[in-house]
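*Asks:* If you read the protein sequences in the order shown, they are chains A and B.
Read left to right, the first sequence gives residues 1 to 389 (the numbering used here).
Read left to right, the second sequence gives residues 1 to 389 (the numbering used here).
Some clues are possibly wrong.
For identical chains, the list gives no copy identity; a pair is met inside one copy or between any two copies.
Straight-line alpha carbon distances no greater than 25 Å define the calculated PhoX-like cross-link-like pairs of lysine-lysine that follow [claimed, not checked]:
#1 Lys149 x Lys117
#2 Lys6 x Lys189
#3 Lys138 x Lys149
#4 Lys48 x Lys359
#5 Lys138 x Lys117
#6 Lys153 x Lys23
#7 Lys153 x Lys20
#8 Lys114 x Lys23
#9 Lys114 x Lys68
#10 Lys117 x Lys23
Rather than coming from a laboratory, the hints here were simulated on the basis of the structure.
Note that this is a predicted model, so its numbers are computed, not measured.
Protein chains: 2
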Amino acid sequence: MLEVPKRGFEKAEYERRLGKIQKLMFDEQMDAILLTTQVDIEYYTGFKTQFFESPTRPWFVLIPLDEKPKAIIPVIGESGMRDTWVEDIQTWTSPNPEDEGISLLTLNIKALMKRFKTLGIPQGHESNLRMPLGDYNKLISNLDGINIKDATKILRYVRYVKSPAEIEKIKYICDVASQGFEDLPSLLKVGESERANCQRFKNHLLSLGVDDFPYLISGSGQGGYGSIIMGPSERILENGDIFIIDTGCVFDSYFCDFDRNYAFGYASDEAKKAYEVVFKATDAGFDACKVGNTTSDVFNAMNKVMQEGGALSNSVGRLGHGLGMQLTEWPSNTINDNTKLEEGVVITLEPGMEYLEGKEMVHEENVLITNNGPVWLSRRASPELPIIV
Amino acid sequence: MLEVPKRGFEKAEYERRLGKIQKLMFDEQMDAILLTTQVDIEYYTGFKTQFFESPTRPWFVLIPLDEKPKAIIPVIGESGMRDTWVEDIQTWTSPNPEDEGISLLTLNIKALMKRFKTLGIPQGHESNLRMPLGDYNKLISNLDGINIKDATKILRYVRYVKSPAEIEKIKYICDVASQGFEDLPSLLKVGESERANCQRFKNHLLSLGVDDFPYLISGSGQGGYGSIIMGPSERILENGDIFIIDTGCVFDSYFCDFDRNYAFGYASDEAKKAYEVVFKATDAGFDACKVGNTTSDVFNAMNKVMQEGGALSNSVGRLGHGLGMQLTEWPSNTINDNTKLEEGVVITLEPGMEYLEGKEMVHEENVLITNNGPVWLSRRASPELPIIV
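The shape of chain A in the complex, shown without the other chains (with noise of 0.2 Å):
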């Protein structure tokens, strides 16, 4: 396995980062964007809690178009803010329902208004608002003269392309749960649950050096399952079963997300041609995952192998998406999606079909782009159906 990287960033991975947003903030005429989910905050200041769990109480940083991030916090987290690179902290007592912050708020955000008399808010897709929506009302009406315009696409195109420093943690957490999944065959038995199942394997991912695995499915059935988003379930393993096991393990805030198929005791051809069809279109997605090319060049690529190979359809809507602090993050490998891949984008092959009425086969792998061709972070899966006997 990989050395372990080194924990945190450097002070110049958040300059670097707050450059970067500010350069687009600028160009779109934004004098700030407000931030409130943990993954924008995390981003930005380096403030990695796992407080958000807990609903109670909103947080805000705002993103000034010429200073550093300010923190609009509640006092539990002034400690923890206080070791990050951000300066500004400003606290209140939480929670307070009468004034959960706002009014701190709103004094930051017309102070900062000084150019463009705009602020910029995620709206778009696969954004969300970490706040009361009320209180949102609220603010946006303490707010009024100043221009609300959304942040989402030069939000995410900053994280779209990833550091060296953050592709070393994504490289490391693909690497780790790849040899989770080379040993797994070993832990699996048939007349156990799936959730028994999975939890030997998460006991064996933590002694792997894995940090967490906020998403660890399972789905199984006979000569196939059914679904890739639920589990694990009760049901027992047994011989003729396809079983699969997505995962998206954590190393330091970074994701991987991929998955593995094995069936027990014996496959129908069906479920191996299946198989194979997936692991070649995969491979077809990895041959157009090219600087230049977009998304949908690889949804095309991948696409087509499926077609040919006799898919019925495809529930999960798309073939692969974006990988970093999220298990998904934008963009999607769609037929219109048409984003350019660049240099240090880490993304996901997933191409799944409908081989059976009811029954799917979905393979996963995540690849890095480079000038120098594509890179395969997770450990290429066995081209063969593997079966455990």
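Mind docking chain B on chain A? Use the hints.
*Replies:* For chain B alone, coordinates are given in the frame of chain A:
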């Protein structure tokens, strides 16, 4: 340890939940409520997936005034939703940035606006809209002529009072985590990092029967820790440290949420005293956990003990909160929350105090409210600060 409860719920549980919210909807004159979050959707439908980890696709469930819930969801979730008690399942192929379910959702909402022409949407504190703001604005403009009303209060009230089947799950996860904490002293090692120690704890929790640990933080420092929401860090534990782990472990979608404190080698009199104070404050809070009392009575009982015990301040902003399908739920134990305690309510008692500048001591236990008085769900912590030598 307790016997493992049956997973999932009987259909009657969902019928009961639906009946309760529909009665309140009638009082509030709402024709339907729109749900978008993982927890709200699972609570009313039984649709259990980790897939909300991906921000790409929104999920919609409508609770009509006099019908069963309707699911308007991406195709990828259809087979999973078919396994729930929901019958009306409408899908669209997602991702589709042109129309991410909004036209289908609009049609369904309009068809339900029969009596009051009013749609309930959660907008209050601790609520969150899990769909892009831009699409929300599009939806609202599609619903011209329909009133939008905040549904937070009635939604949180229904979830506030737990059924026997819910209580059984919370009781179980509290018991499993209690066992984990009781075993922890033999797993902790000075000379290793917070993270390495926490990872051993995670492995042990999995082996005891925990499904997952969406929240597992630690804090440490010579003579005391300064934060309870960051970490686990790479800091190496050493003699003279006070160490805290706070965890929200999950069994079948239900959380425990409590912490334990440990000293390594020795502890100062101040730290020992602070531990005793928060321990006694917890007892005082427990005694106040009577049906008819309020969360503010519980707060005052705990706060009095801490004030008399020399507390400098409290950065948490409250002394406990509701507990169930989220790590923290409404209400909060604060001076002016004033929520009446009822039979079937589960709350945490979480007295915390700064006892030296920058040094906090936070204790936490989980309690069930019954007509016969409070019941500890977590096994009571040691009355004295455990010193690991």
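*Asks:* Hints the structure violates: just list their numbers, smallest first.
*Replies:* Result: no hint breaks.
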